[in-house]
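Asker: Read off the chains here:
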Amino acid sequence: MSHHKKIDEVTGVETTGHVWDGDICELNKPLPKWWLYTFYACILWSIGYWIVYPAWPLVNSYTMGVLGFSQRTQVQNEIDEWKAGQAKYRTQIAELPLADIRKNEELFQFSIAGGAALFGENCAGCHGRGAQGGIGYPNLNDDDWLWGGNLDQIHETISYGIRNGNPKAHDTAMPHFGTDKILDNAQISDVANFVRSFAHLDVDAEAVKRGSQIYADNCAACHGEQGKGNQDMGAPNLTDAIWLYGSSQEAVMQSVRTGRGGIMPAWLERLDPVAVKMLTLFVYSLGGGQAEAASAPAATVPEKAQ
Amino acid sequence: MTTTSKPNKFLIGGDSAHSAPSPTTPAHSDYVSRKKIYPKLARGTFRNVKWVVMAITLGIYYIVPWLRWNRGEGLPDQAILFDFANQRLLFGPIEIWAQEFYYVTGLLVLGALSLFLVTSIAGRMWCGYACPQTVWTDLMIAVERFWQGDRNAQLRLDGQGWTFEKIWKKTVTHLSWVLISLATGGALVFYFRDAPTLGVELLHGTAPVVAYVFLGLFALTTYLLGGLAREQVCIYMCPWPRIQGAMVDHDSLLISYRDLRGEPRAAHKKGTTWDDRGDCIDCRACVAVCPMGIDIRDGSQLECIQCALCIDACNEIMDRVERPRDLIAYTTIGNLSNATTAPREGWRIIRPRTILYTIMITLVASLMGWSLLNRADFELSVIQDRNPLFVVLSDGGVRNGYTVKIANKIEHTRQFKLRFSGVPGLQPKFVEFDGLDPTIEVGPSEVRAVKVFLLLPGDKKKDLTSDAEPVKIELDEVSNGHSTSRTTTFRSPS
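Chains as they are written, first to last, in the numbering used here: chain W, 1 to 306; chain E, 1001 to 1494.
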């Protein structure tokens, strides 16, 4: 591409000197000077940025800028602002009983929202992001509760946890019928058949007959003669469709053989009381929450463990 | 009159056969300085039309935020309010929510199509008369003339050193521009917040910072673009001059110098013959009035905003030399190549291009009108819980969870009820309400999220035919029975 002066015949305007495909030229239509100055002004503006805002990385630090601006500080300020805004709710939650919070729409919604966040941070690791649980970790959405599903019972369980050494924790445990040689393998198989018959699962009728007495002697004390369980002991209802460790013959035999006893932290040791209350209301709202007066499946009226 | 046909001059960039290469494009320069334009005041039909259009458009701009519309107690009573704080646009009785922004998109589409239609019929009407850049520039020029006199006086003023006269005239001109700019920015912010309230706040210095920022920003741009940059905006910043080339055709009106009648141009002495010469007396009146600083006799050019002031200027001269008007006129390209036709002879308004634009405008407008008329003033949306998809209950039953969102798009509280159908035996259970059929209250312009569980008891589970059954959720307004529905699914273990 040559670069010598050339005037376009039709327009009388100088061309840029560039020629494409032998005859296509470009008229030289220069930019206005103010456009160039605007560009320079933008460069100056960016230098202004360097001066007032953090800009250049140094070896161990960076240029701070005269404004002392920092996104971390900004975020911290925003968090503080939000926390200040939440203070009035938190005060009320701290003072009011759970049942009253439940009836106050604004407080209830605030607690559910906060509880959901707390759940994600603290509980989802075991119970799952949707509180759907898994083998050995109860599903908190359903209507089956080991330790009771009304507000106070949920609060109790979250506060002190289960089998964790906290003096107020739920602490009962199931015997290890197999490993402690209380029952032999045939007996375990029979009693497993009997237990599974509560829930109308496929069982060996002969084994059920044999297992009936074994159950009455060893299991009924906690699980009840009808297998309805007992929330004071954390003994699960054996007649329903929900099996924390699975409902197969092998899974039930394993439960009888080694016993089961999940562990849950005492969250009052880690979280503040308001957070525990919010978590309680969140778990309660998941769908399985039971009214204060709801009778537990067990014949015994649920009294607070402490 | 010359009869030789000329090459098509209607190329963007124009034909400079009659004049030396434009002084704005000297050889060997990467950048050019702006050459200041001193447009002379034109007098005539189009100048009067432009004064009227300026009064109307500025009137609309300044008055609209002050129009009131009663929406009821405690609600904004501004007829047109861009209520960004509450994410809604208020147009009289119509309230557009953020998720309905497509109505605004529709308005913009309509605006674009109308612009296409007008341009294909009559050229750059928008640029010449109604564009804010044109209107404000025109206003700024009028103010400049008021303080500094017309073209010749301004040329004289700029030609002298910094005399006292020049200093005070320049100062008051710029001060007036700044005042107009402040008023422009000041009026704009009224569209975004209750105008009477904001007006008082602005005067007392208690308005939100963002109001001052935008006031300042728009004042600055008005001063820069309308007062200082003027034609530079049209030539270098605006895309429309580039687009319009594709919008006009042989039948579009363009303001043109009718060179077959005007050439050869020459000065004319009163009483001498008009034979063997053109009607153009080369008085450059058309150039003097041009706010874009071009010579219309060079043909249609990118710079020309078609403001028609050169028509007024030329007609005044033609009257004086007793030649027919319309040497410069709204005419079609078709008529330009024929010396004997009148400027708008055979001008076809109805042609495929305009029919197409009209059909498109009608379609878009009726679609928008239809959807606006049939727009529900409440909305239902349903989000099904995905984690867990379903919950198995102790009796072997199944429960699904849904978040039902009810949007009340009018300005008073309303009551709704929900109905569920599709799977026999489904029982609703609400987290925040007691009972199976609660009345749900939704406040004015509020979206309320309601958590609903649907339970299928264990003994009904055998009736399910698949692991994802369709469920219909219906929302009824209690007072009038108006209803809307959504279909979702009920999931169960297969």
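It is possible that some hints are incorrect.
Pairs of lysine-lysine residues, derived as DSSO-like cross-links and limited to a Cα-Cα distance of at most 30 Å, are as follows [as the list claims (entries may be wrong)]: (1) W:Lys228 x E:Lys1040; (2) E:Lys1451 x W:Lys103; (3) W:Lys103 x E:Lys1429.
Since the hints were made in silico from the structure, they are not lab data.
Asker: Does each hint hold? Answer for all of them.
Answerer: Cross-check of the supplied hints:
no. : hint                 : in the structure
1   : W:Lys228 x E:Lys1040 : 101 Å, violated
2   : E:Lys1451 x W:Lys103 : 15 Å, holds
3   : W:Lys103 x E:Lys1429 : 16 Å, holds
In the structure shown, a violation is registered for the earlier hint numbered 1 alone.
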